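Novice: Residue numbers (this note's numbering), protein chains in the order written: chain A, 2 to 337; chain B, 84 to 362.
It cannot be assumed that every hint is accurate.
20 Å max Cα-Cα, derived SDA-like pairs, lysine to any residue [what the hints assert, rightly or not]:
| hint | chain 1 | residue 1 | chain 2 | residue 2 |
| --- | --- | --- | --- | --- |
| 1 | B | Lys89 | A | Val135 |
| 2 | B | Lys133 | A | Ile151 |
| 3 | A | Lys246 | A | His236 |
| 4 | B | Lys133 | A | Ile154 |
Read the hints as simulated data drawn from the structure, not as lab findings.
These numbers come from a predicted model, not from an experiment.
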Amino acid sequence: MTRFILRRLLLALPALFGLLVLTFIMLRVLPSDPSAALAGENATPEQIAAVRKAYGFDEPLWKQFVIYVGQVARADFGNSIISNRPVVSDIAWRLPATIELTFASLLFAALVGIPLGTMAAVWHNSPFDHVMRVVTVGGLAIASFWFAIILQIVFSMDLGWLPLRSRYPDGLPPPTNITGLYLVDSLLTLRFDQFWLSFKHIIMPAFTLSLGGLASIARFTRAGVLETMQKDFVHYAEAAGYARKRIIWVYVLRNSVVAATTQIGLLFGTLISSAVAVEAIFDWPGVGSYAVSAILTSDYKAVLAVTLVVGVIYAIVNIVVDVVHAMLDPRVAETL
Amino acid sequence: MLILKKFLRDIPAVLGLIIISAVCFIAVFAPLIVPDADAVYFGNIIDRLKPPSAEYWFGTDNLGRDVYARVIMGTRGALLVALTVVALSIAIGVPAGLYAGYTNGWGSEAIMRVTDVFLAVPQLILALAIAQLMGRGLESAMAALALTYWPFFCRTVYGEVRRVRNALFVEALQGLGASTSRILFVHVLPNVASPIIVRATIGMGFTILTTAVLGFLGIGAAPPSPDWGLAIAESREYLPESWWAVTFPGLAILITVLGFNLFGDGLRDLVDPRLRRSR
Numbered sequence: 002m003t004r005f006i007l008r009r010l011l012l013a014l015p016a017l018f019g020l021l022v023l024t025f026i027m028l029r030v031l032p033s034d035p036s037a038a039l040a041g042e043n044a045t046p047e048q049i050a051a052v053r054k055a056y057g058f059d060e061p062l063w064k065q066f067v068i069y070v071g072q073v074a075r076a077d078f079g080n081s082i083i084s085n086r087p088v089v090s091d092i093a094w095r096l097p098a099t100i101e102l103t104f105a106s107l108l109f110a111a112l113v114g115i116p117l118g119t120m121a122a123v124w125h126n127s128p129f130d131h132v133m134r135v136v137t138v139g140g141l142a143i144a145s146f147w148f149a150i151i152l153q154i155v156f157s158m159d160l161g162w163l164p165l166r167s168r169y170p171d172g173l174p175p176p177t178n179i180t181g182l183y184l185v186d187s188l189l190t191l192r193f194d195q196f197w198l199s200f201k202h203i204i205m206p207a208f209t210l211s212l213g214g215l216a217s218i219a220r221f222t223r224a225g226v227l228e229t230m231q232k233d234f235v236h237y238a239e240a241a242g243y244a245r246k247r248i249i250w251v252y253v254l255r256n257s258v259v260a261a262t263t264q265i266g267l268l269f270g271t272l273i274s275s276a277v278a279v280e281a282i283f284d285w286p287g288v289g290s291y292a293v294s295a296i297l298t299s300d301y302k303a304v305l306a307v308t309l310v311v312g313v314i315y316a317i318v319n320i321v322v323d324v325v326h327a328m329l330d331p332r333v334a335e336t337l
Numbered sequence: 084m085l086i087l088k089k090f091l092r093d094i095p096a097v098l099g100l101i102i103i104s105a106v107c108f109i110a111v112f113a114p115l116i117v118p119d120a121d122a123v124y125f126g127n128i129i130d131r132l133k134p135p136s137a138e139y140w141f142g143t144d145n146l147g148r149d150v151y152a153r154v155i156m157g158t159r160g161a162l163l164v165a166l167t168v169v170a171l172s173i174a175i176g177v178p179a180g181l182y183a184g185y186t187n188g189w190g191s192e193a194i195m196r197v198t199d200v201f202l203a204v205p206q207l208i209l210a211l212a213i214a215q216l217m218g219r220g221l222e223s224a225m226a227a228l229a230l231t232y233w234p235f236f237c238r239t240v241y242g243e244v245r246r247v248r249n250a251l252f253v254e255a256l257q258g259l260g261a262s263t264s265r266i267l268f269v270h271v272l273p274n275v276a277s278p279i280i281v282r283a284t285i286g287m288g289f290t291i292l293t294t295a296v297l298g299f300l301g302i303g304a305a306p307p308s309p310d311w312g313l314a315i316a317e318s319r320e321y322l323p324e325s326w327w328a329v330t331f332p333g334l335a336i337l338i339t340v341l342g343f344n345l346f347g348d349g350l351r352d353l354v355d356p357r358l359r360r361s362r
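Sequences are here, hints too, so could you generate the full structure?
Specialist: So this is what it looks like as structure tokens:
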């Protein structure tokens, strides 16, 4: 197992190095004057010159790359134009909000998607199955930013049941910072009032974000369960007189969900992508809304840093998923 | 004709095809369908934010423009952008995948490592960064989407070519002295065409969605374009009173993407029995 983890880590290194090269090329090639772009729209000539010096833009290309790698290694992306604080601390401060949101939606997607997919498989080709197919394809076809706005119209503006925006009511002190995840922190400190407030704020963003994931999880579970139900051990269990419910929900499901775990790694990519727009709409103080405001204000340092950070997180998530997959199914470890 | 019969039995896929045909028809004949083509760009400010009525089927937006006319005209842009992006991605990704799949050595390795890098970041994030660095506008948004989408085609083609490159007919062609490009484009390409078509169909829906997000965030189409994503962003400030100006462009996105996804799903079942959905 240790060998598998080490090899998996080694495999991720070239892609991460490639990401460094890619962002470097993006920064160098795409804007007409990278120093002016980095310094921001209202920068003085002196500020532009300072950026040019810091990034070594008048040096040969290989030296610029060395400087760039050094900056990344020290996690030094410079100061954000908007907040005037280091980009890295901005991102670090906002990361827990995004983690909380994506985890909540992933959890919801799995809790609802797996049973739905199983039922669709058990009753395959029934009306329920057909409806589920249109719903799952529809879930992948819906524009999450639009759906978020529709939810806001109905549940906040019209019915007034849920808060319109933000992660916590303005002006109230948020839960004591332990993990940075409000739902977890409020439970740890036994502040159920705070938990309820945080919960009410996360419902709509998390639900919007979970739609795509829910659809894919349901589809993959359905395919997996259908395949497993053909296996000999299922026929054996049926012949041995096990209750059908037990066969499906315990033995079949356990064997089919393993394959679906690999999907979660891929899902995370879509989740992060949708999170960008969804966070912006709900004013969720995470990395996604940070990326949007950075893009709208042409804050290139922040844009590049977000791209790199998301790439690294994405790589980590995929490694973790592969390792968990290998733990659940030792055959996988042998193929790498 | 067995394949056609099989396809016609797949009701959701047929529904997808009907939607796609309808959307294409609307896109081509958009100027004839809308009641007043001028109302797409020039509104009647006195009639601003009017709810849906017999005169304005989908209501009017904050500048008094007919939302129905704008949604219909927006179909053109959405399909055009998606077609361009998918075509560009195919133009880059398919030859790269063919070459990387057929040959061994550093060229093949280099191509696949480059796709690894692109697939290591969620597409939208990368597209956002590239579009922003190239300067805002529809052209750079399209270029950014194509630049970040071709690796998906490359991957698909690569896997398929690896499967057929040791087939007897390829060996026979090599023995006959056919050139590599002849083998690849005349003989291997038709054998890997179906997964490309499936990917392209689903990619159309996917690209329409991503373009809408870019438009919504203000990095795609610029006003006064009737772009669906942009229209939702522009009308957001006038909520909840004028819900129609947000709802209908979003429904247009939903229906169009649903059509491509349903059809692509059905196609995949037809051409790839291994992934068959229902037995």
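Novice: All hints, please: hold or fail.
Specialist: Outcome of the hint check:
1. The straight-line distance between the Cα atoms of Lys89 of chain B and Val135 of chain A is roughly 19 Å, inside the 20 Å bound, and the hint therefore holds.
2. Our distance criterion of 20 Å between C-alpha atoms is met by Lys133 of chain B and Ile151 of chain A, whose separation comes to about 19 Å.
3. Of the supplied pair hints, the one linking Lys246 of chain A and His236 of chain A holds, its CA atoms being roughly 14 Å apart against a limit of 20 Å.
4. A distance of roughly 18 Å separates the Cα atoms of Lys133 of chain B and Ile154 of chain A; the hinted pair therefore holds under the 20 Å criterion.
Comparing the model with each earlier hint shows no violations; every hint is respected.
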